[in-house]
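Could you build the full structure based on these sequences and the hints that come with them?
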Amino acid sequence: MADPNPPVTPLYVGIDLGTTNSAAAVFDGERVSVVRNAQSATVTPSVVRLDKQGRITVGTRARRFLEQDPSNTAAEFKRLMGTGQGIAFPAAGTTKKPEELSAEVLKALRQDIFDQLGVNIERAVISVPALFELPQSAATSEAARLAGFARVELLQEPIASALAAGWRADGDGAGSWLVFDLGGGTFDASLLETRDGLLRVVGHDGDNFLGGRDFDWAITEHLAAQLSVVPRRNEPGHAGALRALRLAAEDAKIELSRNERAQVTLANPLRIDDQDVEVDLELDRATVERLCAPFVDRALDVSLRLLATHGLGAGKLAKVVLVGGPTVMPMVRARVAARLDAALAEGHDPMTLVAQGAALYAATAGLDGRAHATAAPTGRQIWLQYPAVSSDLTPHVVGKFIGANPPTKIRFARADGGWTSGDASVAPDGTFLTSVTLLPRRACTFAIEATGADGKRVETSPPALTIVQGLTIGDPPLSRTLGVALANGMVQTYLERGAPLPARRTFTHYTVETIAKGSEGSVLRIPIVQGELSQANLCRLVGTLDIGGDAVTDTVPVGAAVEVTIELDRGGRLSARALVPLIGQVFEHVAHLLVPDASPEALEIAMRDLRRQLAELRTDAFRRGLASVIEKLDHVEGRLAEAEKDIDAAHGGDADAAQRARRALLDVDGTMADADLSRKWPQLEDSARNTAISASSTVGMHGTDAERSLLQEVLAAMEKARRDKDAPELERQMRLASRLSTAAFNRTSEAWEWYFADASSEIGKARDLPKANALVAEGKAAVERGDTTELRRVVKGLWALLPEDSEARKKGFDSGVRS
Amino acid sequence: MTAERVADNPFFVLGVSPEASRIEVEREAQKLLGMLELGFEAARAYPTPLGDRPRTAEAVRAAVAALRDPYQRLVAELWARHAPPVRGGAATPEAAAGEAPVVTRRALGWCP
Amino acid sequence: MALVYIVLFRLHRKAIDARRLDRTWRFFSWSVIAGLAAGGLITFAVMFVALLVAIGLWWFAIPFAMYLFLPAFEPLLARHLYAPLGLAQLAYWSARADTTKDPEGYALAVAARVCAQRRTGKAEAFVIARRDKRKPLGDAEVVATAFLAAGRGDADTARVLLRSTHALVEVHPRVRELAGEWLAVDAAARGAWRELHEDALATRWPASPLTFFLEGVAARKLGVPHAPRSPEMIARWLLAPNRRATRKLRALVYIAPPLPVVAVPVARDVRGAAMPRAVEAHLALSGTPGALAAAVGAWDQALGDPDVRAWLARRALELDAPLGAVERALRDVATAVTDDLVRAADAARLGAPASRGLVGDALAHRLRHGRLDDLEAAFSRWEGRRTSGQVLPAIDEWREFIALRTAYEDACRAGGTDLRRLAFPHAYRCTNRMAVWLWNARDELPLAHAMHRWLLREALAVGDAEAIDLCTRNARLGVNTRLGRIEPDLTK
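Protein chains in written order, with this note's numbering: chain C, 197 to 1015; chain P, 42 to 153; chain V, -8 to 483.
Quick caveat, the hints were computed from the structure, so don't treat them as lab data.
Treat the numbers as computed from the prediction; the structure is a model and nothing was measured.
Just so you know, even glycine gets a beta-carbon here, dropped at the ideal spot from N, CA and C.
Relax, there's no trap hidden among the hints.
To give a feel for the contact side, a few chain V residues facing chain P, derived at Cβ under 10 Å:
#1 A179
#2 N233
#3 A264
#4 A269
#5 V270
#6 L303
#7 L310
#8 A316
#9 V324
#10 V328
Here it is, written out as structure tokens:
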């Protein structure tokens, strides 16, 4: 919605705050232009340097120091956003948070806009990766606040790219689009659809830790291997040499986008283990393509998976939009076009497309960037509500005159004189509702003409309004489903992925344990998780709401209602509230809004654990010859090896590699659980069959009618669980079947005869043999008489004399499944 | 919850017919958001088969987002097209919850 | 002289004790006897005090007067003076002066009763401190906790706790009388006349005159045979306190309004499309089995209807919905509808009606297995907390037990004997362990006994021979309480 009093020419600002490079663009309602920095480049490297005097340098000038003074120059801090991890600047003797460094980049871009347009910007749209989690989004908003923005909105990068690409598309270019955004550090694939001038996100997928950086590292390692002394990533002393090599590799990569060959030469020799190593190597395009191809394929796998989820095959796409530096490489373009079998959208600058889209979105959101001049309003003030950008050719304009005795009539006249609305009448309370007609793909300004009761023209403030006709998108959608983890390990979804922001949902839950008043140990935890899976352990914890025994005014018994409300604002900031009606208390403090820390030591322990599990699973799978399981485990092996490298790098101080390793391990954990299930499954199926057979015969013979019909139900449920490969459900149903058959069996006299035979066969183990013998004799007599009551007494007496496990034997119907 | 399933149907929230085109849905939502922002009395409630319900900006946003997605719109149509006709007026009270109490705890000395 | 006083005192006490368990005309006789005895006591006290004053010992007369008047006046003071003014401590000490067995228990309940009417932080803290000093937990402590909850406006908790005392073997008649009165007043305030009448028929609670009157009102309202007639109602009304407040009730009784006819929704045979019928049945969903069955049947028909499917397929094509949208829509609607139906069935504690189809099957599955799962998880958690060393105060253990018991009974009622048989073994294992632990390690004998008794009843219901055996033995153990050792009578 538009601001009530826009200046006549609004200025919309979009900022792409990237991992390696950042850019800003402005949109004036007609044209989008990219802002150039002091070096007149369209992109500014996301690099910040802090020198001894504490002076801050940002961008290209700072990037030069990456090689000379790496410890005081930070790059790629965007990946650490929301982790709470500080970045040290030893020369200045301070530590800065990632959001503070991002704020410096934003400040620099803000200055560039001022230098170029002479406008001080207070509001803007900042793009974030599609799969950013809440803590990361919150950190981005915080960075903007630190940079002096009064208000920002966050927009997912793929939507920005598509908006920018779609804005120029001719006609209504209906169809599905894929935005293939391979950035410095992240990869996002987004499927979008345009129709009737509306852009809609159909779905997205991605890898938060796949990007151009991986290309650079692959090339760097290739180069390093050719040196006389090979620098290693897990050696903190080699970090400098590697960094220098990496910058050279990056330059060579860019050069190879144009040429077939490139020379990698460093002016100064590298110091590795106190030796001077000269670097003078040659790199050709084929080698680089070979090194980078696996990463591109990984990205393409993600893209195809996304298409498949939405029922689209390759070749069904209208266009593919390439975004991000690495997509400039001819190899990437060719590979993408070939595997997705679709036309690439041409004529876009992949480096600034996101910023342009963000600027266009600022218009849609009515987020005028200008700081407001507080000129005294002349004329009658109106509050207006209208879309600043509209795909609709005849949008509504809603308004309200402030103060008593409003004019009676109002009309809107388009500036080109081609159209004038009829007189709309103004209600006595000052409100009116009318619609205007736009020209396609143009910014239209309408003069407001109000007429008083006396028939005289009334001046209004504002005197006119501007609406742009073009592609629009709705409210910013939530990137990942948000919910609350429940005691049974499932997730109650609060806000689905794609839900428009701001949003709020309330659900009532019930406590599963008592919170005793005054007891510090008893805490009711409400974990807030983000992720697309219904099992809580596979989602990410983004915050917790604790209700502690020390905070409640009275004991909250088990089963008490708790009303939990989760709220997200437009920027993706989370707040949550739990109301316990029983005691009338509200708890609002959300703790733990951070991406979990990943220390190399903790990672190593997790790694060792996974390795051990993997070995066990593998041995077992080999023994049984389960080919599918072995295949899965091979894949796991590969991921673990990769993660190991990252953990090595983490030891060398690479916090980003640590985060990547953490995610990889989480992923592996999920795959292993899956493999474990496939391994256990045949065994489980087998025992399910046995249980079914034995239960059917026992219940068939001794069960009541009700039990028989119940067993039929259980057997049907077992069959269904077997078909669905639902192991927990199957185990539960088996337990039910065993219980039924035990119950049926125990009711018969045969049961006790059977128990008696069983117990008397083990009489040799009895503690008191004479007594046991006497009991056996009594029992035999009871069997003859058919006296079940007496027999039961005898069996119990015998059990008392026998060691423990004999008694456990009677539960033999519980088959061999462990819980 | 049962009543909400029908009363919160996006078509009722926006007050558009299930036949409405995408553009009509967008236009109506944008108008309603504006009216709600400026406090128009007419936008504050919407009629449903269960009587009037309060309308919020959040509900309008959610409704228009739901109708943009063809699948969600299909499900919304399934409900809206087969629901009883909408009617204004106050919502029907929940099934008469017994007669009004003739005596209170307080009167009998058992209530704070 | 003293002998006369003691005889009168005993007579007064006996008459009241006898009256509590009576719901017949003898209630009045006992009341008259109690009244006469009280009159005698007062006369005696007046004479004695007058004598003391006459011989100049007026300073001696004051404590004596208090001591002599108290037995007759204490309940009156509690009701008309301490409670309205919130004098919990005074109420406690004047009840404490009473000479029945375990006067502290009664005093605790009276002090809490004051909090139920006029709650102050200080009074509440006083009651809680007194309550926590007493071990093991018995009916007085549970009733006191309930009254505190009532004072905070939490009538639901209070009701559940008060009703739970029925399972405890330790019986303070005067405490139970207070509990019964609160429940009667609560039922009257909610208009739950059926509940009140059933309590009266089962003589669950000792009756105070107010309870007796309200029970009469309930019987009249329900129009049951043998309901008290008007003269008797007037007598009951006269006998009960708060006559001004209950006058309206009495007037209503004269008119004796006919019972409201409960309309049972009948599945109407609506012609036409299946889908509108399903939506309509869904909107008409209420807490009756008929409405639930109608809704389930209507949905199963609608979601299996080829016309509905054809309509969906056509619209999906027109809207350009993704492939598989029709199946997904049918499945999603079935899930959403089932969610609603499960919630409605849970709220009204209903079982799944028999209907084959997407919704009927899912509902049956969710109700049976969902409830079993929840029960198992809840019982395990209760028991697991003990092993993890999280020991709660006895009152909270009791509250947890009664919450679990209610959940268990609700689930069994909805699911029938089959489900009961399936649910029992796990509940038995957990509860038995908890009860044994409460008995052995925590000396909470009345609580443990109540749990054993409950388990025994359930074991008998499902015919689990082993459990019957063990529970009988456990439930037969004598329970030491503050009222002496109680040898349980399992035939009751």
